[in-house]
Amino acid sequence: MRKELIAAILLIGLVLGVALAPVIGRRLVRTDVIEIHARTPENGGWSTMNLEAKVGEPLHLRLTSDDVVHGFALGQTNEPMLEILPGEFVETSLTFDRPGTYTFYCTRWCGVNHWRMRGTIQVSGPEGTPEKSAAPLYVRLGLDLDVAHPEFEAPGLRPSVSRGRALGIEIPEQFAAPAYLREHSPLDLFGELKGLPLGEQLTDQQVWDLVALAWAATVTPQELADGRELYAENCAACHGESGKGDGVMADNLAPDGSDSGMDDHSLPTALAGSPPDDSFGHSITAPSDFTDYQMMLAHNSAALQGKILRGGMGTGMPYWGSIFTEEQTWELVGVLWGFVMEE
Amino acid sequence: MNRLALTSTPWIKNLLTSRWPQFIVRTITLAGFLLTILAGLFGSRVGSHNFAIIFVWIAWWSLLKLVFIPAGGRSWCSICPIPMPGEWLQNGGLLGPGGRPLGLGKRWPRKLNNTWLQSAVFLGMGIFSAVILTQPRISGWALLGLFIAAITLSLVFERRSFCRYLCPIGGFTGLYAQLSPVEIRAVDPVVCAGHTEKTCYTGSAQGYGCPWGNFPAALSQDSNCGLCMECLRTCPHDNLAFNLRPYGSEISAKTPLKLDETFLALVMLGSALVYTAVYMGSWGWLKNAAYHVGTLPWLAYALAFLAITLVVVPGLFFGAVWLGKKMSAAREPLKKLAGLYGSGLLPLGMATWVAFTVSFAFAKISYILPVLSDPFGWGWDLFGTASTNLSLVDLWLSPIAQVGVLAGGLLWSSRLVMRLARDRRQALPVLAFALAHAAGMMWLLVG
Amino acid sequence: MQSTKLSLLLFSLIAAVIAFAPAPVSLVRPAERYFRIEASTFAFSPQTIQVNPGDHVTIDLVAQDYVHGLRIDEYEVEVTADPGQTARLSFTAGRPGAFHFRCTVACGAMHPFMVGKLKVGPNWLFWRGLGLGLVAILSGLWWARK
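Protein chains in written order, with the working numbering: chain A, 1 to 343; chain B, 1001 to 1447; chain C, 2001 to 2146.
For the record, the hints were derived by calculation from the structure and aren't laboratory data. Where hints are given, some of them may not hold.
Unchecked claim - List time: in silico DSBU-like cross-link candidates among lysine-lysine, alpha-carbon distance up to 30 Å:
#1 Lys1325/B / Lys3/A
#2 Lys1336/B / Lys1254/B
#3 Lys1364/B / Lys1254/B
#4 Lys1013/B / Lys1325/B
#5 Lys1364/B / Lys1111/B
#6 Lys1335/B / Lys1254/B
#7 Lys1013/B / Lys1106/B
#8 Lys2119/C / Lys1254/B
#9 Lys1258/B / Lys1326/B
#10 Lys3/A / Lys1111/B
#11 Lys1106/B / Lys1325/B
#12 Lys1364/B / Lys2005/C
As the list claims (entries may be wrong) - Just some of the chain C residues that point at chain A, by a computed CB distance under 10 Å:
#13 Thr2004
#14 Leu2008
#15 Ser2012
#16 Ala2015
#17 Ala2016
#18 Thr2041
#19 Val2067
#20 Glu2078
#21 Thr2080
#22 Asp2082
#23 Pro2083
#24 Cys2107
The model shown is predicted, which means the values in this text are computed figures rather than measured ones. From the three backbone atoms N, C-alpha and C, an ideal C-beta is built for every residue, glycine too.
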């Protein structure tokens, strides 16, 4: 019957049209663009973690998120970070002028394992040995990052820059230079100053205040501001906005295991009950309190920088070596000292 | 009788009885359904950017609850794509009799000739609803499952067995259809009495016998009539009409709900409370429990959900009916009284689901246009609407509408219950139950 | 019948009063209110905050696990917070009633249902609704008197 035939053609046409639409749609995607899906590390992380590129040839990326807000940035570069919203697509093209291994990473906190969301881009180029970067300061100084800190008599009050300034004493140049400050601890400077003639007339507290004054020169105000931004974006979630080690992620990092569960804060404790690890089997502990000056003053600046670079220590502290430039790590060290000493 | 026969207007009659308009609409809904399944299974995992989630749980669900059911009873069933391929295979044709039928054509088992299965499927989906509603893959599989079930049932059993006995939507749609302002009824019973072939049921060269298994000549209830218009085509005496009628005119003391229908009505009332608490409430732990299928909290949620819908709410209702029976010293069996008052509470049930739909639909309508341009969430922009953010309704209207609808439903139900009750005292506990339910819904929605 | 028309009119009048009578103006002096709201999947904590009409409200949104947002229905004020970066929202609660506040940044599957509630003054809509419900039941009972 002709009617049946027409009806059948209409039906099959519409059905096939719908069925083929996604197939054709997929085919029309540019082949030179690499599509990467961002997911939380618990859901698989970046869908592609290893990319390859050639020097001078742009690498086209199309990024989207399958679950929560993520971000994309290239470590140790000044490329702006891209926001990746769930279901939305953002495109970027990266061009490299030097061969090497580059790290890309997620820039928006997406759970306690956010920092693990990293991938590498292997850039190959004309033959020749790639530049070897210098060893970090703590390595050159031969510092052991994991050794316990010496006991010392801490000041009664938090060392204060303004009190130090009010003393009206000039600090010897060699001790006011970043070069010195970055290689020593406030305790070292305390010892040095105490040994000088000017130190003999001052109380211990006053010497500590002088140390605070000197230590403010570790970073310029601009560097401190930049550092604070980095700290807010990368560190505050665990270390706390005030440096006390009480960041929102620290809820999951209780040292004695009494946490409220990793993936959900609103479940009553009895129902949540997951062990204090980061679901990847690594044990983690709560971050230290940077505002605890009685502990921090014995820390060496280079060692602090080293811990930022290397992480680890069996605590869940990420390693930032491939992410921050050296400048940025010193900015962060300046922020840390800002927690220890007060204005 | 206060009926307006729409089919006495020639162009309306032609529109309804001609097979082409219906076929074209059904083909479109089928294509849409296929797109839904494909988008669900292969599209973006982000629900707000997936055609399957937005079109099924926002667009279609809103249309169903706010338009199709209140205005047309089972009108969605007449264009629903899910049974169509099965029906076309079963009939061996797309546009009318004459083809070679396929399938075993078995009779549906007597024991299952009720709505118990539909309640079960509805509750079953309810336990997993949080995952179905938010995960495109799961939605896709669920819809594909229903699709396969419908086709399979069409090839094993006669007529639209899936629609009548299994479809989770069909259960409550049929119940609320008893309130609807439309119906298909025989015009003159004398004509039917004189017609021995009863082709409205057995079929003829002009049309199939009622695909829903009704006997159109004697049809008196809308609950199982899918408004497919087939009987209008088959009747050689043009003795069937599509009528407009007053709301709720089908409910009467002579036709109380059967026990399975009463239970379904109560399941709908109870599940509305649970869904509102889970989705519209502020209790994050409840949402997490409902979502994390397989965990202990989810099991607790599932058990609580079943307890509330199968035990607590029915228990309270039957208790209220029993109390009324005691207070009025009535002699009818409890089951019959429960069915009577159950039918009286149907307007409350329909209003409850309208209010619940309004509570989330108004806020999410803005997702519809973008997802039309990018159904798979792959970054397409077919119609240029991928980034529009058109919220069609002002949000402040939503809570007011919810309260208004609930109050209206309560008003309708209380008057209906009093009309059905033989004795005022008998109805009091049931009215208290209705008030408590409406108050509960109001508190959950706007409290 | 006269009495039916009269009773219909009476009930309609009562319903209209319940629905539309203006709510009494709050006599409480507007104050500064501060709330620290923690957002995690998929809840706000506290989930309900109560203020008086006219209060100047400041909310610090603290994201616990992912990036979350907060927008208040009808007030249309919005803020987004990353974990480690508390975000602040300030507004004057001029409009009385009960309003949902929702998460505005996709934060997982149940994100569309992540809501909390801001109550400004007494929840008149709820009480009116309850009143209307009562009138509905009473009118049903009254109607059956005949």
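Hints and how they fare:
no., hint, result
1, Lys1325/B / Lys3/A, "60 Å, violated"
2, Lys1336/B / Lys1254/B, "10 Å, holds"
3, Lys1364/B / Lys1254/B, "42 Å, violated"
4, Lys1013/B / Lys1325/B, "47 Å, violated"
5, Lys1364/B / Lys1111/B, "42 Å, violated"
6, Lys1335/B / Lys1254/B, "14 Å, holds"
7, Lys1013/B / Lys1106/B, "33 Å, violated"
8, Lys2119/C / Lys1254/B, "48 Å, violated"
9, Lys1258/B / Lys1326/B, "21 Å, holds"
10, Lys3/A / Lys1111/B, "40 Å, violated"
11, Lys1106/B / Lys1325/B, "42 Å, violated"
12, Lys1364/B / Lys2005/C, "42 Å, violated"
13, Thr2004, "54 Å, violated"
14, Leu2008, "49 Å, violated"
15, Ser2012, "45 Å, violated"
16, Ala2015, "40 Å, violated"
17, Ala2016, "42 Å, violated"
18, Thr2041, "7 Å, holds"
19, Val2067, "4 Å, holds"
20, Glu2078, "15 Å, violated"
21, Thr2080, "9 Å, holds"
22, Asp2082, "6 Å, holds"
23, Pro2083, "4 Å, holds"
24, Cys2107, "5 Å, holds"
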